[in-house]
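Throw the hints in and build the complete structure from the sequences for me.
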Amino acid sequence: MRTIRVEYIRDTVRDLCIRAATELPGDVAVALIKARKAEDNPLAGEILGAILENAKISSSERIPICQDTGLTYVFLEVGQEAHIAGGDLEQAVTEGVSRGYTQGYLRKSVVRDPLWDRRNTGDNTPPAIHVEIVPGSDLSITVLPKGTGSENMSAVAMLTPAEGVQGVKSFVLETVRKGGANACPPLVVGVGVGGMMDTAAYLAKKALLRPVGTSSADPRTAALEGSLLTEINALGIGPGGLGGRTTALAVHIETFATHIGALPVAVNLQCHAARRATATLRGEEVPLL
Amino acid sequence: MNDRAGVTGGQAERPFWSGAKRVRMPFGWAAGAGATAERGVAAARGDPRRLKAGTRVLLSGVVYTARDAAHRRIVQALDKGELPPFDLKGQVIYYAGPCPPAPGQVIGSLGPTTSGRMDLYTPRLLAEGLGGMIGKGERSREAIEAISRFGAVYFVTIGGAGALLSRTVRKAEIVAYPDLGPEAVYRLEVEDFPAIVGVDASGVDIYEWRNRG
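If you read the sequences in order, they're chains D and H. Residue numbers for the first sequence follow our numbering, beginning at 3 and rising by one. Residue numbers for the second sequence follow our numbering, beginning at 117 and rising by one.
Since the hints were made in silico from the structure, they are not lab data. Remember, it's a predicted structure, so these values are computed and weren't measured experimentally. Where is the CB? At the ideal position from N, CA and C, for every residue including glycine. Some hints could be false.
Below, a sample of chain D positions facing chain H; criterion: calculated Cβ distance under 8 Å [to be verified]: (1) Ile53; (2) Glu55; (3) Asn56; (4) Tyr107; (5) Gly124; (6) Asn154; (7) Arg212.
What follows is the structure in structure tokens.
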């Protein structure tokens, strides 16, 4: 049994919020550099250049990459042999988000209630927390600040099994064609297929955690990711939606078992500021009494 | 009428945003002008509202931020016959909500938000004399029609480049709705803020060009 104190979790979440907001992941930066080389449209090239320059300014001056520092997603992988001590896990994560957004000068973008009380909560809480129990005794924490420009252009469809792979492809393409220009392209396109409606949506969000440049472990799904990326880039939406070769940097598809009568598919669009930050906490060995 | 309004120069000096025209904000406004007279003003030589879709610009001068909640309140105020928080005539609204400034900064990260969410309010504000808007993304048919009818201009800037764009801000102060936090109305003074004409006064839309290939 290894013990992880909640204060450690809280402070790590705080640091991850600030790091995610100000440091573009290396895999995303590499994809943007490659995209700029591939663009022959001068405006598309200049927009990608500005996006890369923006990332440089962010990390050197600690200014958020984008003013929309999002609704905060916190993914926790808790080792089944870890013992979380000193308080409530959810409270610790929430307090970490509050401190990160306040101490890091990040924008507070959360309102209390969607319908009746759209007052800002003032510290970007509550976060969306997802917990998975995994083998081992470590606690892995990933923070994904999700902006609404791209989230609003996302969609879910309950297809029929008869529609199959072609139906999934058409829905993904249609979603990007309709909303891609508003979602701050070049995009990372997260696709979730399977389960029920909520599973597909969750998988689409989780697909955004995969580093850009990685493919699905299933070669058939990997091939589908590749052909969708080609077709999305053929749409010509381009950087900033103003035309060009690069509409998406990557398509990530995650799948799960589903019902005999179901083929749910969710498309979660992610803007080029594809921010995420991860840390793994090692528990301390504490003798059992 | 603001005597500094208008388009000047041709090429920007810096390599970034090549070929941009320099534009002053707010735009000119003839006293007492209504929608019809305003079209006459816009037609005057050098007026920013004559810029053609696709033209790159570097915007300097005063701009007001307003996004979802501020638009709602401005239109509610107008509906009740109250004055808006700033005189809209000839002004430019930037669809944006900033990050708070860290010590030593004028303002935090400040890029554009999705303009389409403001489309419902846009015809009303244009009717009150609003001269231009800055944001990102496509506008509705109704908004484009109103931009054309009132001889206004919609500028598109680079989404997700809030750190870069925040460097163009020389001064920032909250002038209305401080309770809205990041959605408060800020009066900004900017210098060489890069944008491109997205919808011009004749209703030409650059996103539409792209769709036609």
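Answer holds if the nearest beta-carbon of chain H is closer than 8 Å to that of D:Arg212; otherwise answer violated. 20 Å, violated
Hold the hint about D:Ile53 up to the distance rule: shortest CB distance to chain H must be less than 8 Å. At about 6 Å, which falls below the 8 Å cut-off, the nearest Cβ of chain H leaves the hint on D:Ile53 intact, so it holds.
D:Asn56 was flagged as interface toward chain H. Is the shortest Cβ-Cβ separation under 8 Å? 4 Å, holds
Let's test the interface hint: is any C-beta of chain H closer than 8 Å to that of D:Tyr107? Since the shortest Cβ distance to chain H is 4 Å, the answer is holds.
Hint check: is the beta carbon of D:Asn154 less than 8 Å from a beta carbon of chain H? This hint holds: D:Asn154 lies near chain H, its Cβ roughly 7 Å from the closest one there, short of 8 Å.
Hinted contact D:Gly124 with chain H - closest CB pair below 8 Å: 7 Å, holds
Given D:Glu55 was flagged as interface, is its beta-carbon under 8 Å from a beta-carbon of chain H? 6 Å, holds
Comparing the model with each earlier hint shows a violation of hint 7 alone; every other hint is respected.
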